[in-house]
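Sequences listed follow chains A and B, in order. Counting from 1, one number per residue, gives the positions in the first sequence under the working numbering. Counting from 167, one number per residue, gives the positions in the second sequence under the working numbering.
Where hints are given, some of them may not hold.
Residues from chain A shown here face chain B by an in silico Cβ test under 10 Å; the list is partial [stated by the list, open to error]:
1. Val26
2. Leu30
3. Thr33
4. Val99
Honestly, the hints are just simulated from the structure, not real lab data. Since the structure is predicted, the reported quantities are computational estimates derived from the model, not experimental observations. Here a beta-carbon is modelled for each residue, glycine too, at the ideal position from N, C-alpha and C.
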Amino acid sequence: MTVSFLILAILTVAGTAAAMGLRNAVHCVLALTVGFAGVAALYLQLGAQFVGFTQIMVYVGAVAILAVFAIMMTHTPTPVQLPAYSPHWFWGGIVAAAVFAVLAWAIRSGTASAQALPPQPDINVQQIGDALMHRYVLPLEIMGLLLTAALIGAVVIAMDRKEEPK
Amino acid sequence: MILTPQTLDQIFPIAKHWLLGFVPATAQPLASAILSVVPILIAFPLLFAITTWLERKGLGRMQNRLGPNRTGPFGLLQPIADAVKSLTKEDIVPITADHVVHFLAPLVLVAAAFLAYAVLPIGRNMVLVNMNAGVLFFFAIGSTVELSVFMAGWSSRSKYSLLGAMRAVAQMISYEIPMVLATIVIIMQAGSLSTVSIVDKQAAYTGIFPHWFVFTPWGFMGFALFMIAATAESNRSPFDLPEGESEIIAGYYIEYSGFKFALFFLGEYLGMFATSGLAITLFLGGWSAPFSFLTWIPSYVWFFLKLLTLIAAFIWIRGTLPRLRMDQLMNLAWKYVLPMALINMLVAGIWHFMPTGPARWLVCTALLAAPCILLSLALKRKKRFQVRTYRFAE
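Based on the provided sequences and hints, a complete structural model is requested.
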């Protein structure tokens, strides 16, 4: 565990924790963005440039902006004063701890952790591009078609109906 | 040591290597990073200072006035006077503002603007980091600028700044798509996302003419689309709606004063230089000379000459074109620039698979010119041009 990993991990955890704990919705989004950026930096530290930059582009550049826009569009004049902690925090905490314990136990006792790690493959962006364009070209095209359909659907929903001439 | 063109070209890498010799081996990575970063932190803000003077002088010339002429010869010391003014001004923060976010917004903007320079090859062997996903890095960093603009507009708690931020974010999102699509043709042709290898591909000559990507039909179209999108991304006239002085005063940074305002100004100009730098890298051959007999001039000189040319073009456009309306802005992005970028990608593919010769020049030019003209005609068809009547102001 290196120093840079520790700093990034603290940043990520603090950001996402603040996103849950803060009152103001815009503050929550900004804190979550710090978490996203921390995850991206962790990817970069692992040498996964493509994933890291895509994480920044998609989550910081698009998802955070989308969330912020959604908050602005649906903004109520007086913000609802809800307590930051749910009254069921105790049971919620127990469930969360139990899920974490089961997952940790499964990972620790599973076969994956016992095997020696294979040497890290040196994957660069070009290889990812080649794989997407040759081996996985059909899934890629299907995803593209799906996203285009979603885009057109969104435009159709948002489009003004032509009003009847008076 | 004899000063040959080669040593003059490589004088900065050589100097860095020489300076690193004085540092103990354990501190060398850190010292190397500092020695690479500091020149960028000095050179580009300096260019910003020169550009503010050039812009005010140039605009003044176009508007038939003198421009700054009180400080120093030809008003050359104006940037220094501006800096002193903005440093000594009171820092006013609105009482209802969100103080933390209000404080962070200009810092995020300037940090993101500087980060973009990490992948720009300023000269031969003069790039901060040669990443094999360099272009992707550039756009990833560019997308964080939107967030800082939103932070500034929202945290000021002012209607004008919020309106400005909404306009800015909507505009940046709309023009980011054609911008990325316009660069894809280059990536297709160069087969790499690394800015260094993209420039290397263009630094070859046929006769005396270089292999710049702008000298192909798809490259020229890509360059034009990229520059339109770059103007919109950097919020410059005719796409300066987010700050439109006559409508919403100064947009998202209206509630900033003193040095924070100067930081916004700096961040905006740095962003413009960085996108121009990327345009140079992708389309105009980066640091390579425009003719083979001019290669003796150092590579960084060519980069900055090209950058200054693009800046001059930006100033010229600002002095020439009026501001667009919001619907015109969106129509241009989604109905003209985006379809043309998609068609351009198709043409680049056709170019790649056709045999070299005049035939592919003809086919590709025709394939680009026809949709370009047809789209313009189709967009103009429904418009009725008439003398505008005003309902409220007579």
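Results for each hint:
1. Val26: With a closest approach of 6 Å, the Val26 of chain A hint holds.
2. Leu30: It holds, given that the least Cβ distance between Leu30 of chain A and chain B is near 7 Å, below 10 Å.
3. Thr33: Because about 6 Å separates Thr33 of chain A from the closest Cβ in chain B, which is inside the 10 Å limit, the hint holds.
4. Val99: Where the cut-off is 10 Å and the nearest Cβ of chain B is about 32 Å from Val99 of chain A, the hint is violated.
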